[in-house]
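Participant: Read off the chains here:
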Amino acid sequence: MYKITSKKVLNPTVIQMEIESPLVARKAKPGQFIILRVDDDGERIPLTVAGTNADAGTVKIIFQIVGATTEKLSHKNEGEYITDFVGPLGVATHTEGIKKVCIVGGGVGCAIAMPVAQEFHRLGAEVTSIIGFRNKDLLILEDEFKACSDRLTVMTDDGSYAREGNVTVPLKEYLEAGEKFDMIITIGPLIMMKFVVAAAKPFNVPVTVSMNPIMIDGTGMCGGCRLTLNKDGKKVTKFACVDGPDFNGYEVDFDEAMSRGRMYSDFERHSYETTCNLFREVK
Amino acid sequence: MPNMSLTKNPMPTQDPKVRAHNFNEVATGYSDETAVDEALRCLNCKNMPCVAGCPVNIHIPEFIAKIKEGDFEGAYQIISKTSSLPAVCGRVCPQETQCESKCVRGVKGEPVGIGRLERFVADWHNAHSAGNVEVPPSNGHKVAVVGSGPSGLTCAGDLAKKGYKVTVYEALHTAGGVLVYGIPEFRLPKAIVAKEVETLKALGVDVETNVVIGKTLTIDELFEMGYEAVFVGSGAGLPNFMGIPGESLKGVYSANEFLTRSNLMKAYRETPDTPIMKGGNVAVVGGGNVAMDAARTALRLGADKVYIVYRRSMDELPARKEEVEHAQEEGIEFRLLNNPVEILGYNNPDDPRDPKNGFVTGMKCIKMELGEPDEKGRRRPVAIPGSEFVLDVDTVVISIGTSPNPLIKDTTKGLEVNAHGGIIVNEDALTSRNAVYAGGDAVTGAATVISAMGAGKVAAKSIDEYLSK
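For the record, the sequence lines run as chains A and B. First residue of the first sequence: 1, per the numbering used here; consecutive thereafter. First residue of the second sequence: 1, per the numbering used here; consecutive thereafter.
Please keep in mind that the hints were generated in silico from the structure rather than gathered at the bench. We put the CB at the ideal spot given by N, CA and C, even for glycine.
From the structure, some residues in chain B lie toward chain A, with a derived Cβ separation under 7 Å: (1) Leu238; (2) Pro239; (3) Ser254; (4) Thr274; (5) Gly358.
Chain A on its own, in the form it takes in the complex (with noise of 0.2 Å):
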């Protein structure tokens, strides 16, 4: 069993906790993922390490509610258990050799985004970040990245707070400008990544995205977590739990990847009703 320490709701669907995990908090790299269930019987899911606290033995996650699963631990408060928390798993962020990086995150994919920023600024590389989110009421994290940021562009796309639009409008502005990044990394939604590809790739600037496809064991077993990479004219397959979860922007099958990524979701919207219907019933 595994105690939650913490517990901060960040806007009305994303939430931060912080997991006692002493291993996993000695070990965790930003870019690496752990994988958790609620109880017993529950469903193993992947998310993303968003901090670690060493000294405390405690490891930062923040999620979204989208399922069940996640309306499930919405529930857990703090001082309470969750049954299993293991990793870390994947491969880290590669850092070496970058000394300007541009930072792409969108939704709650600022929460993976925000660490690998704080990673490349500790690192004493120029950060220039750009984050985005549907409206002003989903904006998390603005202070963190601020801190850790040279530059910070917040993109919404109804124009609620800051500049409104998408995040390829500000990351175009540099490009065309002549800003020459050596490396672009984009974290956020599948569609929004592919954008950030497409924006990029006139620019001939390498761009890293962070893929988190539906996983099972996440140890390189199941092979549910395998994707598509187009490398030199060959298609390869690669499993993301132990290949990344990081790849070359430019050799991800973005619409394959959306398309598997879909293919639960009748189930997943049945089982997250029934869920919510049953919170709703016990209060």
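Using the hints, position chain B against chain A.
Facilitator: Positioned in the frame of chain A, the structure of chain B alone reads:
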């Protein structure tokens, strides 16, 4: 008087029509009377050829002699001297190619049903024993075991019985490895695996779940923590795919994923938390035991029609005969000498948001014939030009083997692996690293439960010799 019947007492099973729709165990086991009757077929040969056929050297005639006397607990004590998982082995060992293949009674007629008797004894013990286990005195040495599958549990059990303090590290949330995520409930009830794990814990073995060696901790850190030897039984790894178009469509699973969803994550239950595609027509590609497990699981999940698609003929099919027969009885259709060339998916060009887009609609196969034997002597399948056809399926499960997991190799300096990624060991199960031993699928690639147990046993003996110096 020995029982000179030429045939084994048949194993009682659930009716195929009934069992095809439930996850209860297929074989229901011998009664006390049947077990004694079968035991009486054993001639108690002086040279014990059967024992030589057992990878863990169970003293077979000795335990069968106890059954003859009606001393079932005595029989269990003899088996448990050399086997840590008798209830498991009695169910999943390929006895027909091991102990029973050496049985003298098999020369004329059927061999003694050793596997069935082993299962009977283990089940009798589990039903009747109070669970009191004698904990051996500690010898002060600490050993870490990586993976709680058959090799790891065997190694841990053997060492614990000698007084070692053993900790087993398991990556998943439940101990048992392939016994819980891979082999289905209807062939090996999970309560039996849990019981065997509990027996080990009673012997003093610690089981730490949710620890991925190579990630959460490395082998080197285990030594820093005070373990004096490490056994790596991390199992098979990444599933292989065929490399044909359409393998990423929705509805295509590796056998590992399909079975893990059903077995470990309980997707077969009425209202599971973890989803699985069920219903419709299912094709399982491959001919091994894992393919049979996947096909029979698909049937029980409610598939209309389940096919085994295999590119060679029945003679080359690697699965156990008993599993193939069970599958056939239940109504699995064998499409032999068929090779998949493409998996087809739904695509509505007018509506990219059509929810059916990207789901499997069929699998294109080509018919094969057997050509000249290859270097292993197996006749090589050759495609018959122009013989393509489409099998109407909604789900495809690919069961063509696995490649070793890279996590431990990548984080353990000096640990040598072969061209396939399998850990290299000598005859004592020692790797290229001092005090690091390995066995099971992590060494051999996908193989059987009992061969993994045999390897765990060899390693336990070597570790004991090394630490007793």
